[in-house]
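Chains as they are written, first to last, in our numbering: chain A, 1110 to 1584; chain B, 3 to 167.
Certain hints may be false.
Claimed, not checked - Non-contacting residues of chain A with respect to chain B, defined by C-beta distances greater than 10 angstroms in every case (computed):
#1 Pro-1248
#2 Arg-1259
#3 Ala-1533
Claimed, not checked - So the derived list for chain A, only partly shown, Cβ under 10 angstroms to chain B, looks like this:
#4 Gly-1250
#5 Leu-1286
#6 Gln-1288
#7 Leu-1519
It is worth saying that the hints were derived from the structure and are not from the lab.
Just so you know, even glycine gets a beta-carbon here, dropped at the ideal spot from N, CA and C.
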Amino acid sequence: MEKLPMDSLTRFVDKVGEQGRLVVQPRMGFGTAAHMLAGLRAVKSAHATTVGTITLDSFTRVRDFAGAADALRTGAHLNGFPLVSHGPEATRELLEQVVEDDFPVQVRHGSPLPSALLRAVVDSGLDATEGGPVSYSLPYGKTPVQLALRDWSAAVEDCAARSPEGFHVETFGGCMLGQLCPPSLLVAVSLLEALYFEQHGVTGVSLSYAQQTNLDQDLEAVAALRRLAGRYLTRARWHIVVYTFMGLYPLSPGGSLAVLAESVELSVRAGARRLIVKTPAESYRIPTIEENVASLEFAAARARHPLDPGTTGTRAAAEPDSEVYREAEALIEAALELDPDAGRALVGAILRGYLDVPFCLHPDNARRSSAVLGPDGRLRWTRAGAMPISLPAADRGSPGISSGDLLRMLEYKRRRFDTDYGSAEFDGWTARFGSSSPDISGSDSSGPDLDPDPAYAGTTGLGRGRSTTPSGVRT
Amino acid sequence: MAGQGFAYDGQNTSSNSCDGKRAVLATISSDAHGWNLVYLQLLLEEEGHRVANLGPCTEIPAVLEAARAAGTRIVVLSTVNGHGEIEAPHYARALRARFPDLRIVIGGKLTTDGDLDPRRGDALLEAGFDAVFTGADAADRFRTYLRTREQAPARERAGAAAPAR
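Whole structure, please, built from the sequences with the hints as guidance.
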């Protein structure tokens, strides 16, 4: 078997994964090198098996490098690290002080047209990033997917060619809009983007899946993703990465920790090797370094005892031939029939509506699909559009959802977990987040927070020192 | 009337068969949020409009073009990233210059530092918006506005109508 080079993220995750340890990772980005270094050091020394994150700021994400540079110069607050503006020397200097074999660092960004950015990533000596031509264009703006594909292909091939030790890309396909997407579509996009990266020279990939609203369904989904990765990925090293719930987050510390705990349980039981955590500050603002460290340590503690009280699913193992598996397989095959290149297959499938993300407003998305949450939180299709999915008779012709329905579905996880776990203390862990829930009565509370995630900086306007950068994406 | 699951016709307008009343729904160019737009489309459809939902990160030219379509009765700008106060006036001025009688409203989280105080709301009205909807019950007040104000034959001048809060 061909011995492939291994990027730093794959090497570390596989090593500790074989020891049965779950890797936990935050989202984190600060404007100055000093602040970024402090954050990375804190994550490294956390009592948990961690990987570091450098999240780029919104200016950099939209390629406004001049805007990022201006903010650096004037000392304006940035909501991430402007890697391009700092330049490769300064970035390498920062990394040299914290990166080592047992502490790799990944760059997270959210850019649909990443080539300049990823060139700077490689120039800085980094070898791991995240995204995808579809997963970073459909959820957020208007970049045509064909354009995103061209740029991603050029960028990814360049990164692979310039990284003889290997390069890693994690697909964001398991998240997409973060809520209300039946898992089979997330699994299909995640798999197709990972395959695309493999086809374009990437030697280490990770396939994401974001925790949704029913643990048993999520267990099926991750099992399906693993099985499909094993079938379709033939060269790259791969692992599964879970994202703690990316939708409207609970308001109480107890509810927040319960969601995080459930995501740990999902990761451990489903064999994911890495988890991107959330903090109880999620509904309010960007977390502090301390809050991030506390969340990482809580997740690590839970990983050691994942089935403690507070779990929500049944104990049954996920069946290998589940509905999620069969649906995802049908979606993947429909796409790959269009083109053996998984990237062109993905784009072709989207433009034809064979893949159709519900509630996604991107111009290239067909917008003929729809989905609902059942009373138990299971997601199911109510309209399939052109997707090769057959709806059960009961669902065909169901009426569209109302605005009230949408709100209830978006708030489901938050409401359920705040109700069931709002006063839970998790052995005193909630005390470490005591300051996370500010008095919201005096805040700008313009109705429900509908979108904490696409804006990295949160939507409530409660944060201190808020930036004036364009609101970017939370990846 | 419930939304039709976002089924779209060729003009990117929802295919609800509501007579004549078309709404253009958009956000400002820096705002990547989408759920507020999904929600408002459903609300507008429930209040009898066909909706052209322009999605996140909308540029002014796209809004102007969409507003030209026949039957357009209202342009709704919804933005929640805190930059509305800065960016939205440009949209209002551009729309007002071309469509003096079109109803134009804005809502969401328009500032980064808390509630919009009356003077800042007035600045938005002066820029050309007919109404501003912020605060906890903004959606309900917007719904009421659609049911009552839209019956009026002509757009009310900003001075004549108390701004919606």
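Item to check | Numbers of the earlier hints that this structure fails to satisfy, in rising order | outcome: 1
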